[in-house]
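> In our numbering, the protein residues as written are 1 to 119.
Wrong hints could be hidden among the right ones.
[To be verified] What follows is a set of in silico ranges between Cβ atoms, one per label pair, in the way DEER data are often shown: (1) A108 <-> I22: 12 to 22 Å; (2) I63 <-> R100: 50 to 60 Å; (3) G34 <-> C101: 41 to 51 Å.
Hints are computed from structural coordinates only; laboratory data are not their basis.
Keep in mind the model is a prediction, meaning the values are calculated, not measured.
C-beta: ideal position from N, C-alpha, C; glycine also.
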Amino acid sequence: MTILCPKCKSKHILTKHTARKICGTIGATTATMGGVATTLSAAKIGASFGMVAGPIGSVLGGITSAVLVGLVSGVAGCSAGTALGEMVDTTILDNHECVRCGHCFSLARADETSSAEGY
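Whole structure, please, built from the sequences with the hints as guidance.
Here it is in structure tokens:
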């Protein structure tokens, strides 16, 4: 689908994705912090599984569990935040900018305007 500027009808449009970037970062950070909070219990579980290999296995099992919990929760939070940001970009923010005239617009509002004008 080609996006046209509703003001000058140019095809040279930039998509900013502002909310997607911000919400993805906040989601990843928040979820990782939550993962860090649960790391203690994950480290205990990993350490108990690692006891089979002795003290070194216990330490490595605890560290591995903590890292995995942080990574998985960070990825989940980033995905959720990005989805929320995409929705905000699409419906609320002026996510598109015309390179030619500098006009910022949202596709949702541009569609409403063009249908109201009879395009």
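> Does 12 to 22 Å hold as the CB distance between A108 and I22, or does it fail?
Taking Cβ atoms as reference, A108 and I22 lie about 19 Å apart, which means the hint holds.
> Take a look at whether the Cβ-Cβ distance between I63 and R100 falls inside 50 to 60 Å.
Since I63 and R100 have Cβ atoms about 54 Å apart, the given range 50 to 60 Å holds.
> Measuring from beta carbon to beta carbon, are G34 and C101 in 41 to 51 Å?
44 Å, holds
Checked against the numbered hints listed earlier, the structure breaks none of them; every hint is satisfied.
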